[in-house]
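Enquirer: Okay, here's what each chain looks like letter by letter:
Number of protein chains: 2
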Amino acid sequence: MFEQLPTFQKLLRQLQQLPYLASKNIYKVAFYFLNSDRKKVEQFCQVLLDVKDRIGRCHHCFNLTEGESLCSICRDEKRNKKIICVVENWYDLFAIEKAGGYDGVYHVLGGVLSPLEGIGENDLNLYSLFKRISNLDIEELILATNATPEGEATASFIYSKLEHLRDRFKITRLASGVPIGSSLEYMDKVTIYKAISGRQPF
Amino acid sequence: MFEQLPTFQKLLRQLQQLPYLASKNIYKVAFYFLNSDRKKVEQFCQVLLDVKDRIGRCHHCFNLTEGESLCSICRDEKRNKKIICVVENWYDLFAIEKAGGYDGVYHVLGGVLSPLEGIGENDLNLYSLFKRISNLDIEELILATNATPEGEATASFIYSKLEHLRDRFKITRLASGVPIGSSLEYMDKVTIYKAISGRQPF
Numbered sequence: 000m001f002e003q004l005p006t007f008q009k010l011l012r013q014l015q016q017l018p019y020l021a022s023k024n025i026y027k028v029a030f031y032f033l034n035s036d037r038k039k040v041e042q043f044c045q046v047l048l049d050v051k052d053r054i055g056r057c058h059h060c061f062n063l064t065e066g067e068s069l070c071s072i073c074r075d076e077k078r079n080k081k082i083i084c085v086v087e088n089w090y091d092l093f094a095i096e097k098a099g100g101y102d103g104v105y106h107v108l109g110g111v112l113s114p115l116e117g118i119g120e121n122d123l124n125l126y127s128l129f130k131r132i133s134n135l136d137i138e139e140l141i142l143a144t145n146a147t148p149e150g151e152a153t154a155s156f157i158y159s160k161l162e163h164l165r166d167r168f169k170i171t172r173l174a175s176g177v178p179i180g181s182s183l184e185y186m187d188k189v190t191i192y193k194a195i196s197g198r199q200p201f
Numbered sequence: 000m001f002e003q004l005p006t007f008q009k010l011l012r013q014l015q016q017l018p019y020l021a022s023k024n025i026y027k028v029a030f031y032f033l034n035s036d037r038k039k040v041e042q043f044c045q046v047l048l049d050v051k052d053r054i055g056r057c058h059h060c061f062n063l064t065e066g067e068s069l070c071s072i073c074r075d076e077k078r079n080k081k082i083i084c085v086v087e088n089w090y091d092l093f094a095i096e097k098a099g100g101y102d103g104v105y106h107v108l109g110g111v112l113s114p115l116e117g118i119g120e121n122d123l124n125l126y127s128l129f130k131r132i133s134n135l136d137i138e139e140l141i142l143a144t145n146a147t148p149e150g151e152a153t154a155s156f157i158y159s160k161l162e163h164l165r166d167r168f169k170i171t172r173l174a175s176g177v178p179i180g181s182s183l184e185y186m187d188k189v190t191i192y193k194a195i196s197g198r199q200p201f
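So the protein lines, in turn, are chains A and B. Using numbering that gives the first Met the number 0, you'd call the opening residue of the first sequence number 0 and step up by one each time. Using numbering that gives the first Met the number 0, you'd call the opening residue of the second sequence number 0 and step up by one each time.
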């Protein structure tokens, strides 16, 4: 029955491209826009375009920034510029910031190495990281890519490129183990193995 | 850290209003728009506004229609205009159409009665239904609201208003029972009760 509603069909096709929107829910989102005032939809569109125009990437760390060439973290004089935490994406950075307890700076890779998806080393902000490290006097590099196969591979790749500098600064990885609030019973073997082998003094 | 990104914050707030988008995924959707070409975002906005401008409601049944005052189903001469199926929303209509096997017409209520949410009889397309029934010579009215408390209450309400016309046409309700592909073992008591009491000759 969509042949009779070409514009609506176009909207469904646009919504299909949004990540993390289940196909069953596309109709409800389309319905939401159909039932909203035109003014509200215009506002939504304006915000989308404003974001495209105003949000840029930090020249140092590729974090998001608005109206400045450096992001708020790189501009913050209280942050320790000698510790760099390498994350996959902006939302990983945000997750660490929300958790608190980290006062160093970041480097956002913009993804992970993934030969299957055709993402190679030149598609990530890797060489800017290496350049940044060679120019700065840093103390520690934290490889905080995710504990997925691609994340581990990307961390290994970065480590292999920087291994010869290990006497200049520490290279660390986030601790693996049992997440707070969960039971051993429900954990996979690899996590338990990591938790046992990485055990800490009480 | 969002204080430094007011435009981005605005986008997140807009996305929070979308139904069926988990709050954890809002960042990923925002990220999708940030990483898209400006042209693609413009296209998305244009489609949204086109939908607002071009998609209307059918004057008979309140189904979606584009460029015509009656929807494709009401205009279709092959459909049996003497059977009206009352559904809550447009996507319920679409679900029945996809399933096939129904050749009558529809009436879209635009929601269900829900005193808790302040949705009363005047907020739904109820009086247009009653008017439609009184003007037409119909054979059957199918109350196809969902099997939720609100859906049942809405069906009961419509039935109570039309009960006196029962000698003019049949009023039916969708069959309740065990969904195809599922096991009795996992069904709730009420469904099994309905399936037993509504049993059909083999």
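Each hint should be verified, as a subset may be incorrect.
Unchecked claim - Here are the simulated DSS-like cross-link-like pairs (lysine-lysine), alpha carbons at most 27 Å apart as the crow flies:
1. A:Lys-39 x A:Lys-51
2. A:Lys-23 x B:Lys-97
3. A:Lys-23 x A:Lys-80
4. A:Lys-9 x B:Lys-51
5. B:Lys-80 x B:Lys-130
6. A:Lys-39 x B:Lys-130
7. A:Lys-130 x A:Lys-80
8. A:Lys-51 x B:Lys-23
9. A:Lys-27 x B:Lys-39
10. B:Lys-188 x B:Lys-160
11. A:Lys-51 x B:Lys-38
12. B:Lys-27 x B:Lys-39
13. A:Lys-51 x B:Lys-97
Since the hints were derived computationally from the structure, they do not count as laboratory data. The model shown is predicted, which means the values in this text are computed figures rather than measured ones.
Enquirer: Does the structure keep A:Lys-51 and B:Lys-97 at a Cα separation of 27 Å or less?
Expert: violated (38 Å)
Enquirer: Checking one constraint from the list: CA of A:Lys-51 to CA of B:Lys-38, max 27 Å. Satisfied?
Expert: holds (10 Å)
Enquirer: Could you grab the alpha-carbon distance between A:Lys-39 and B:Lys-130 and see if it respects the 27 Å cut-off?
Expert: Since the Cα atoms of A:Lys-39 and B:Lys-130 sit roughly 33 Å apart, the hinted pair is violated (cutoff 27 Å).
Enquirer: What's the verdict on B:Lys-27 and B:Lys-39, does the C-alpha distance respect the 27 Å limit or exceed it?
Expert: Cα-Cα ~17 Å, so holds.
Enquirer: CA of A:Lys-27 to CA of B:Lys-39, is that 27 Å or under?
Expert: holds (22 Å)
Enquirer: Need the status of pair A:Lys-51, B:Lys-23: alpha-carbon distance at most 27 Å?
Expert: Holds: A:Lys-51 and B:Lys-23 sit about 21 Å apart, inside 27 Å.
Enquirer: If you draw a straight line from the CA of A:Lys-23 to the CA of A:Lys-80, is it 27 Å or shorter?
Expert: Judged against 27 Å, a Cα distance of about 46 Å means the pair is violated.
Enquirer: Hinted pair, alpha-carbon criterion (27 Å max): B:Lys-80, B:Lys-130. Please report holds or violated.
Expert: Since the Cα atoms of B:Lys-80 and B:Lys-130 sit roughly 15 Å apart, the hinted pair holds (cutoff 27 Å).
Enquirer: Starting from A:Lys-23, check that the Cα of B:Lys-97 is at most 27 Å away, please.
Expert: Within the cut-off at roughly 13 Å; holds.
Enquirer: For the pair we were handed, A:Lys-39 and A:Lys-51, check the Cα-Cα distance against 27 Å.
Expert: Since the Cα atoms of A:Lys-39 and A:Lys-51 sit roughly 19 Å apart, the hinted pair holds (cutoff 27 Å).
Enquirer: Take the C-alpha atoms of B:Lys-188 and B:Lys-160, compute the straight-line distance between them, and say whether it is at most 27 Å.
Expert: violated (30 Å)
Enquirer: Take a quick look at whether A:Lys-130 and A:Lys-80 sit within 27 Å of each other, Cα to Cα.
Expert: The hint holds at about 15 Å.
Of the numbered hints listed earlier, those contradicted by the structure are 3, 6, 10 and 13.
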